[in-house]
Amino acid sequence: MDLELSESELAFQAEARAWLAANVPAEPLPSLDTAEGFVLHQEWEAKLAADRWSVVSWPKDYHGREASLIEWIIFEEEYYRAGAPLRVSQNGIFLLAPIIFEHGTQDQQDRFLPTMATAERVWAQCWSEPEAGSDLASLKSTARRDDDRGGWVLNGQKIWCSRAALAHWGFGLFRSDPQAQKHAGLTYFLFPLDAEGVTVRPIAQLDGEEGFAEVFFDDVFVPDADVLGAPGDGWRVAMSTAGNERGLSLRSPGRFTAAADRLLALYDERPDARVADRVVDAWIKAEAYRLYTWGTVTKLAKSDRGGDIGNDLNLRGSVNKVWWSELDVALHETALDLLGPDAELESRWLDGYTFSLSGPIYAGTNEIQRNIVAERILGLPREAKGAQQ
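Counted the way the UniProt record's numbering counts, the sequence shown spans residues 1 to 389.
Misleading hints may appear alongside valid ones.
Unchecked claim - Pairs of lysine-lysine, BS3-like flavour, derived with a Cα cap of 27 Å:
| id | residue 1 | residue 2 |
| --- | --- | --- |
| 1 | 47 | 60 |
| 2 | 299 | 285 |
| 3 | 285 | 302 |
| 4 | 60 | 302 |
| 5 | 140 | 182 |
Keep in mind the hints are simulated off the structure, nothing from the lab.
Nothing here was measured: the structure is a model prediction, and the numbers come from that model.
Based on the sequences and whatever the hints tell you, model everything.
Here you go:
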(Lines of atoms letter the chains of each structure in order from A; the text may use other names.)
(Lines give C-alpha, C1' and ligand atoms only; values in the text may rest on other atoms or scores of the structure.)
Protein backbone atom coordinates (compact mmCIF):
# COMPACT_ATOMS: atom_id res chain seq x y z
CA MET A 1 0.00 0.00 0.00
CA ASP A 2 1.00 3.62 -0.49
CA LEU A 3 0.62 5.80 2.63
CA GLU A 4 2.65 8.73 1.35
CA LEU A 5 0.39 11.53 0.15
CA SER A 6 1.18 13.59 -2.93
CA GLU A 7 1.32 17.38 -2.85
CA SER A 8 -2.18 17.63 -4.32
CA GLU A 9 -3.53 15.11 -1.79
CA LEU A 10 -1.93 17.03 1.09
CA ALA A 11 -3.52 20.22 -0.26
CA PHE A 12 -6.90 18.46 -0.45
CA GLN A 13 -6.47 17.25 3.13
CA ALA A 14 -5.61 20.74 4.36
CA GLU A 15 -8.59 22.29 2.57
CA ALA A 16 -11.00 19.69 3.96
CA ARG A 17 -9.62 20.07 7.49
CA ALA A 18 -9.91 23.86 7.35
CA TRP A 19 -13.48 23.79 5.99
CA LEU A 20 -14.62 21.31 8.64
CA ALA A 21 -12.93 23.29 11.42
CA ALA A 22 -14.80 26.39 10.30
CA ASN A 23 -18.20 24.78 9.67
CA VAL A 24 -18.83 21.76 11.92
CA PRO A 25 -21.52 22.76 14.45
CA ALA A 26 -20.13 23.65 17.87
CA GLU A 27 -22.77 21.52 19.59
CA PRO A 28 -23.99 18.09 18.41
CA LEU A 29 -27.18 18.19 16.38
CA PRO A 30 -30.30 16.50 17.78
CA SER A 31 -30.69 12.88 16.71
CA LEU A 32 -31.42 12.49 13.01
CA ASP A 33 -34.13 9.98 14.01
CA THR A 34 -36.25 12.84 15.40
CA ALA A 35 -38.25 15.25 13.26
CA GLU A 36 -36.21 18.25 14.46
CA GLY A 37 -32.88 16.50 14.08
CA PHE A 38 -33.78 15.16 10.64
CA VAL A 39 -34.36 18.69 9.30
CA LEU A 40 -31.16 20.02 10.89
CA HIS A 41 -29.15 17.16 9.39
CA GLN A 42 -30.70 17.92 6.00
CA GLU A 43 -29.54 21.52 6.37
CA TRP A 44 -26.03 20.31 7.23
CA GLU A 45 -25.96 18.11 4.13
CA ALA A 46 -27.09 21.04 1.99
CA LYS A 47 -24.23 23.10 3.42
CA LEU A 48 -21.76 20.34 2.57
CA ALA A 49 -23.15 20.10 -0.96
CA ALA A 50 -23.01 23.85 -1.52
CA ASP A 51 -19.21 23.73 -1.12
CA ARG A 52 -18.91 20.32 -2.82
CA TRP A 53 -18.00 18.34 0.31
CA SER A 54 -21.08 16.14 0.43
CA VAL A 55 -19.99 13.62 -2.21
CA VAL A 56 -16.38 14.47 -3.05
CA SER A 57 -15.84 11.57 -5.45
CA TRP A 58 -18.91 12.30 -7.61
CA PRO A 59 -18.90 14.24 -10.89
CA LYS A 60 -19.10 18.01 -10.64
CA ASP A 61 -22.51 17.97 -12.33
CA TYR A 62 -23.84 16.17 -9.25
CA HIS A 63 -22.26 18.43 -6.59
CA GLY A 64 -19.02 16.43 -6.43
CA ARG A 65 -15.32 17.27 -6.84
CA GLU A 66 -14.36 14.22 -8.93
CA ALA A 67 -11.97 13.32 -6.12
CA SER A 68 -9.94 10.11 -6.27
CA LEU A 69 -10.55 7.14 -3.98
CA ILE A 70 -7.54 8.21 -1.93
CA GLU A 71 -8.97 11.70 -1.54
CA TRP A 72 -12.31 10.19 -0.52
CA ILE A 73 -10.60 8.22 2.26
CA ILE A 74 -8.74 11.36 3.31
CA PHE A 75 -12.01 13.29 3.53
CA GLU A 76 -13.69 10.53 5.53
CA GLU A 77 -10.82 10.52 8.05
CA GLU A 78 -10.98 14.31 8.38
CA TYR A 79 -14.78 14.24 8.66
CA TYR A 80 -14.81 11.89 11.62
CA ARG A 81 -11.77 13.48 13.21
CA ALA A 82 -13.66 16.79 13.22
CA GLY A 83 -16.65 15.23 14.99
CA ALA A 84 -18.98 16.20 12.15
CA PRO A 85 -22.68 15.15 12.19
CA LEU A 86 -23.87 11.71 11.14
CA ARG A 87 -24.91 11.52 7.48
CA VAL A 88 -28.70 11.51 7.19
CA SER A 89 -28.26 10.80 3.49
CA GLN A 90 -26.00 7.76 3.94
CA ASN A 91 -28.47 5.21 2.52
CA GLY A 92 -28.53 7.22 -0.67
CA ILE A 93 -24.98 8.46 -1.12
CA PHE A 94 -23.16 5.38 0.17
CA LEU A 95 -25.45 2.47 -0.75
CA LEU A 96 -27.77 3.44 -3.59
CA ALA A 97 -25.68 5.97 -5.52
CA PRO A 98 -22.88 3.54 -6.50
CA ILE A 99 -25.57 1.25 -7.93
CA ILE A 100 -27.23 4.07 -9.86
CA PHE A 101 -23.84 4.99 -11.31
CA GLU A 102 -23.26 1.36 -12.34
CA HIS A 103 -26.73 0.15 -13.34
CA GLY A 104 -28.88 3.27 -13.68
CA THR A 105 -29.89 5.09 -16.83
CA GLN A 106 -28.72 8.61 -17.58
CA ASP A 107 -32.22 9.82 -16.77
CA GLN A 108 -32.10 8.12 -13.35
CA GLN A 109 -28.71 9.62 -12.61
CA ASP A 110 -29.91 13.09 -13.55
CA ARG A 111 -33.16 12.79 -11.59
CA PHE A 112 -31.93 11.20 -8.39
CA LEU A 113 -28.28 12.04 -7.74
CA PRO A 114 -28.41 15.86 -7.35
CA THR A 115 -31.14 15.79 -4.69
CA MET A 116 -29.43 12.85 -3.02
CA ALA A 117 -26.23 14.87 -2.66
CA THR A 118 -28.06 17.83 -1.09
CA ALA A 119 -30.35 15.61 1.07
CA GLU A 120 -33.37 17.32 -0.42
CA ARG A 121 -34.47 13.74 -1.04
CA VAL A 122 -33.47 11.26 1.68
CA TRP A 123 -33.65 7.53 0.94
CA ALA A 124 -34.82 4.55 2.99
CA GLN A 125 -33.36 1.09 2.54
CA CYS A 126 -36.32 -1.31 2.24
CA TRP A 127 -34.77 -4.77 2.21
CA SER A 128 -35.98 -7.07 4.96
CA GLU A 129 -39.36 -8.72 5.25
CA PRO A 130 -40.94 -10.58 8.20
CA GLU A 131 -39.70 -13.88 6.72
CA ALA A 132 -36.69 -12.64 4.75
CA GLY A 133 -33.84 -11.04 6.66
CA SER A 134 -30.35 -12.37 6.07
CA ASP A 135 -31.94 -14.83 3.64
CA LEU A 136 -33.13 -11.92 1.54
CA ALA A 137 -33.86 -14.06 -1.53
CA SER A 138 -36.79 -15.62 0.38
CA LEU A 139 -38.75 -12.39 0.05
CA LYS A 140 -42.44 -12.63 -0.80
CA SER A 141 -43.36 -9.06 -1.80
CA THR A 142 -44.49 -9.08 -5.42
CA ALA A 143 -44.31 -6.93 -8.53
CA ARG A 144 -47.01 -7.53 -11.16
CA ARG A 145 -46.52 -6.23 -14.69
CA ASP A 146 -48.97 -3.54 -15.86
CA ASP A 147 -48.43 -3.07 -19.59
CA ASP A 148 -51.33 -0.63 -19.95
CA ARG A 149 -49.61 1.92 -17.72
CA GLY A 150 -46.03 0.96 -18.58
CA GLY A 151 -44.86 -0.18 -15.19
CA TRP A 152 -45.35 -2.48 -12.22
CA VAL A 153 -47.76 -2.90 -9.31
CA LEU A 154 -46.12 -3.62 -5.96
CA ASN A 155 -47.69 -5.53 -3.07
CA GLY A 156 -46.23 -6.76 0.19
CA GLN A 157 -44.48 -5.68 3.37
CA LYS A 158 -40.96 -4.53 4.22
CA ILE A 159 -39.67 -4.23 7.78
CA TRP A 160 -36.70 -2.63 9.58
CA CYS A 161 -36.51 -0.05 6.83
CA SER A 162 -33.78 2.37 7.92
CA ARG A 163 -34.70 6.10 7.77
CA ALA A 164 -38.17 5.20 6.38
CA ALA A 165 -40.05 7.01 9.16
CA LEU A 166 -38.85 10.37 7.82
CA ALA A 167 -37.36 9.62 4.38
CA HIS A 168 -38.85 10.61 1.03
CA TRP A 169 -38.03 7.67 -1.26
CA GLY A 170 -37.10 4.02 -0.79
CA PHE A 171 -35.35 1.23 -2.68
CA GLY A 172 -35.86 -2.51 -2.50
CA LEU A 173 -36.39 -5.86 -4.20
CA PHE A 174 -39.69 -7.41 -5.26
CA ARG A 175 -40.47 -10.78 -6.83
CA SER A 176 -41.48 -10.06 -10.41
CA ASP A 177 -41.48 -13.68 -11.65
CA PRO A 178 -42.97 -16.12 -9.11
CA GLN A 179 -42.12 -19.09 -11.37
CA ALA A 180 -38.39 -18.38 -11.41
CA GLN A 181 -35.88 -19.92 -9.04
CA LYS A 182 -35.25 -18.33 -5.65
CA HIS A 183 -32.55 -15.82 -6.65
CA ALA A 184 -34.01 -15.20 -10.10
CA GLY A 185 -37.12 -13.27 -11.00
CA LEU A 186 -36.36 -10.38 -8.62
CA THR A 187 -36.48 -6.76 -9.71
CA TYR A 188 -34.95 -3.68 -8.06
CA PHE A 189 -37.40 -0.77 -7.63
CA LEU A 190 -37.16 2.88 -6.58
CA PHE A 191 -40.36 4.36 -5.14
CA PRO A 192 -41.66 7.48 -3.35
CA LEU A 193 -42.79 6.76 0.20
CA ASP A 194 -45.77 9.09 -0.18
CA ALA A 195 -47.09 7.23 -3.24
CA GLU A 196 -50.70 6.08 -3.26
CA GLY A 197 -50.92 2.68 -1.58
CA VAL A 198 -47.77 3.08 0.55
CA THR A 199 -48.23 2.98 4.32
CA VAL A 200 -45.27 3.77 6.60
CA ARG A 201 -45.48 2.68 10.24
CA PRO A 202 -42.54 3.88 12.39
CA ILE A 203 -40.86 1.42 14.77
CA ALA A 204 -39.69 2.88 18.08
CA GLN A 205 -36.16 1.90 19.12
CA LEU A 206 -34.93 1.32 22.69
CA ASP A 207 -34.50 5.07 23.09
CA GLY A 208 -37.97 5.79 21.75
CA GLU A 209 -36.69 7.30 18.50
CA GLU A 210 -38.05 6.08 15.18
CA GLY A 211 -35.00 5.21 13.12
CA PHE A 212 -36.82 2.35 11.40
CA ALA A 213 -40.25 1.67 9.98
CA GLU A 214 -42.28 -1.08 8.39
CA VAL A 215 -43.63 -0.22 4.97
CA PHE A 216 -46.75 -1.75 3.40
CA PHE A 217 -47.43 -1.77 -0.34
CA ASP A 218 -51.02 -2.10 -1.53
CA ASP A 219 -51.23 -1.94 -5.34
CA VAL A 220 -48.48 0.67 -5.56
CA PHE A 221 -47.74 1.65 -9.16
CA VAL A 222 -44.08 2.17 -10.15
CA PRO A 223 -43.27 3.22 -13.73
CA ASP A 224 -40.61 1.47 -15.80
CA ALA A 225 -38.45 4.58 -15.44
CA ASP A 226 -37.99 3.74 -11.75
CA VAL A 227 -36.74 0.18 -12.23
CA LEU A 228 -33.02 0.01 -11.46
CA GLY A 229 -31.28 -2.43 -13.79
CA ALA A 230 -33.16 -4.92 -15.94
CA PRO A 231 -36.37 -6.60 -14.78
CA GLY A 232 -35.48 -9.97 -13.29
CA ASP A 233 -31.88 -8.93 -12.65
CA GLY A 234 -32.53 -7.47 -9.22
CA TRP A 235 -30.47 -9.96 -7.24
CA ARG A 236 -27.26 -9.07 -9.08
CA VAL A 237 -27.99 -5.37 -8.65
CA ALA A 238 -28.85 -5.82 -4.98
CA MET A 239 -25.63 -7.66 -4.25
CA SER A 240 -23.77 -4.58 -5.44
CA THR A 241 -25.62 -2.60 -2.76
CA ALA A 242 -24.86 -5.24 -0.12
CA GLY A 243 -21.19 -5.16 -1.06
CA ASN A 244 -21.10 -1.40 -0.55
CA GLU A 245 -22.79 -1.76 2.83
CA ARG A 246 -20.37 -4.39 4.08
CA GLY A 247 -17.23 -2.97 2.54
CA LEU A 248 -15.70 0.42 1.91
CA SER A 249 -18.50 2.91 1.66
CA LEU A 250 -20.79 2.70 4.68
CA ARG A 251 -18.26 2.11 7.45
CA SER A 252 -15.12 3.95 6.46
CA PRO A 253 -12.16 3.53 8.84
CA GLY A 254 -12.23 7.19 9.89
CA ARG A 255 -15.32 6.42 11.97
CA PHE A 256 -13.43 3.86 14.07
CA THR A 257 -10.07 5.56 14.32
CA ALA A 258 -11.81 8.71 15.59
CA ALA A 259 -13.73 6.65 18.16
CA ALA A 260 -10.51 4.86 19.19
CA ASP A 261 -8.81 8.23 19.70
CA ARG A 262 -11.71 9.33 21.90
CA LEU A 263 -11.35 6.10 23.85
CA LEU A 264 -7.65 6.82 24.46
CA ALA A 265 -8.54 10.32 25.67
CA LEU A 266 -11.16 8.83 28.00
CA TYR A 267 -8.57 6.41 29.40
CA ASP A 268 -6.21 9.31 30.07
CA GLU A 269 -8.99 10.94 32.10
CA ARG A 270 -9.97 7.71 33.89
CA PRO A 271 -7.02 5.31 33.89
CA ASP A 272 -8.00 1.77 34.88
CA ALA A 273 -5.44 -1.02 34.59
CA ARG A 274 -8.25 -3.60 34.41
CA VAL A 275 -9.25 -2.43 30.93
CA ALA A 276 -5.89 -1.12 29.66
CA ASP A 277 -5.36 -4.11 27.36
CA ARG A 278 -8.82 -3.68 25.87
CA VAL A 279 -8.18 0.00 25.16
CA VAL A 280 -4.95 -0.87 23.35
CA ASP A 281 -6.64 -3.74 21.49
CA ALA A 282 -9.42 -1.43 20.25
CA TRP A 283 -6.91 1.14 19.01
CA ILE A 284 -4.81 -1.53 17.25
CA LYS A 285 -7.86 -3.04 15.54
CA ALA A 286 -9.10 0.36 14.39
CA GLU A 287 -5.67 1.16 12.96
CA ALA A 288 -5.50 -2.30 11.34
CA TYR A 289 -8.83 -1.66 9.64
CA ARG A 290 -7.55 1.72 8.47
CA LEU A 291 -4.41 0.17 6.97
CA TYR A 292 -6.41 -2.65 5.38
CA THR A 293 -8.67 -0.08 3.75
CA TRP A 294 -5.69 1.90 2.48
CA GLY A 295 -4.36 -1.31 0.97
CA THR A 296 -7.68 -1.91 -0.76
CA VAL A 297 -7.80 1.65 -2.07
CA THR A 298 -4.24 1.33 -3.39
CA LYS A 299 -5.24 -1.81 -5.31
CA LEU A 300 -8.32 -0.12 -6.73
CA ALA A 301 -6.37 2.98 -7.71
CA LYS A 302 -4.02 0.80 -9.75
CA SER A 303 -6.77 -1.21 -11.44
CA ASP A 304 -9.82 -0.60 -13.59
CA ARG A 305 -12.03 -1.79 -10.69
CA GLY A 306 -13.22 -4.71 -12.76
CA GLY A 307 -12.55 -8.40 -13.24
CA ASP A 308 -10.95 -10.42 -10.49
CA ILE A 309 -10.34 -7.51 -8.15
CA GLY A 310 -14.03 -6.55 -8.22
CA ASN A 311 -15.08 -10.10 -7.32
CA ASP A 312 -12.39 -10.26 -4.66
CA LEU A 313 -13.57 -7.03 -3.05
CA ASN A 314 -17.19 -8.20 -2.97
CA LEU A 315 -16.12 -11.28 -1.02
CA ARG A 316 -13.79 -9.36 1.26
CA GLY A 317 -16.70 -7.11 2.13
CA SER A 318 -17.85 -9.99 4.35
CA VAL A 319 -14.50 -9.95 6.19
CA ASN A 320 -14.76 -6.18 6.59
CA LYS A 321 -18.28 -6.39 7.94
CA VAL A 322 -17.43 -8.90 10.68
CA TRP A 323 -14.33 -6.90 11.62
CA TRP A 324 -15.83 -3.42 11.93
CA SER A 325 -19.10 -4.54 13.53
CA GLU A 326 -17.38 -6.49 16.30
CA LEU A 327 -14.78 -3.75 16.77
CA ASP A 328 -17.58 -1.21 17.21
CA VAL A 329 -19.20 -3.24 20.00
CA ALA A 330 -15.90 -3.92 21.80
CA LEU A 331 -14.79 -0.30 21.55
CA HIS A 332 -18.00 1.04 23.09
CA GLU A 333 -18.18 -1.66 25.76
CA THR A 334 -14.68 -0.67 26.87
CA ALA A 335 -15.69 2.99 27.08
CA LEU A 336 -18.73 2.15 29.20
CA ASP A 337 -16.60 0.05 31.54
CA LEU A 338 -14.21 2.98 31.94
CA LEU A 339 -17.11 5.30 32.73
CA GLY A 340 -18.64 2.92 35.25
CA PRO A 341 -21.90 4.25 36.76
CA ASP A 342 -21.37 7.53 34.89
CA ALA A 343 -22.00 5.66 31.62
CA GLU A 344 -25.75 6.19 32.04
CA LEU A 345 -25.14 9.96 31.98
CA GLU A 346 -22.73 9.98 29.00
CA SER A 347 -25.14 9.94 26.07
CA ARG A 348 -22.56 9.86 23.27
CA TRP A 349 -20.89 6.63 24.37
CA LEU A 350 -24.17 5.07 25.51
CA ASP A 351 -25.98 5.93 22.27
CA GLY A 352 -22.99 4.62 20.31
CA TYR A 353 -23.07 1.39 22.27
CA THR A 354 -26.79 0.71 21.75
CA PHE A 355 -26.36 1.38 18.02
CA SER A 356 -23.25 -0.82 17.80
CA LEU A 357 -25.29 -3.82 18.95
CA SER A 358 -27.15 -3.75 15.65
CA GLY A 359 -23.91 -3.95 13.63
CA PRO A 360 -23.53 -7.74 13.78
CA ILE A 361 -27.13 -8.05 12.55
CA TYR A 362 -27.71 -5.59 9.70
CA ALA A 363 -26.09 -5.87 6.27
CA GLY A 364 -26.33 -9.66 6.67
CA THR A 365 -25.75 -11.23 10.09
CA ASN A 366 -22.19 -12.02 11.06
CA GLU A 367 -23.08 -15.72 11.12
CA ILE A 368 -23.97 -15.50 7.43
CA GLN A 369 -20.82 -13.48 6.70
CA ARG A 370 -18.64 -16.11 8.40
CA ASN A 371 -20.21 -18.78 6.19
CA ILE A 372 -19.36 -16.69 3.12
CA VAL A 373 -15.78 -16.26 4.31
CA ALA A 374 -15.44 -19.98 5.08
CA GLU A 375 -16.93 -21.24 1.82
CA ARG A 376 -15.99 -18.61 -0.78
CA ILE A 377 -12.63 -17.34 0.48
CA LEU A 378 -11.18 -20.24 2.48
CA GLY A 379 -12.73 -22.92 0.28
CA LEU A 380 -14.15 -24.94 3.15
CA PRO A 381 -17.02 -27.38 2.42
CA ARG A 382 -20.55 -26.02 2.54
CA GLU A 383 -22.51 -26.64 5.70
CA ALA A 384 -24.96 -29.49 5.22
CA LYS A 385 -28.62 -28.47 5.05
CA GLY A 386 -30.29 -28.95 8.42
CA ALA A 387 -26.97 -29.69 10.15
CA GLN A 388 -27.25 -29.90 13.93
CA GLN A 389 -25.24 -27.49 16.04
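> So which of the earlier hints does this model not fit?
Replying inline: As far as the earlier hints go, not one is violated by this structure.
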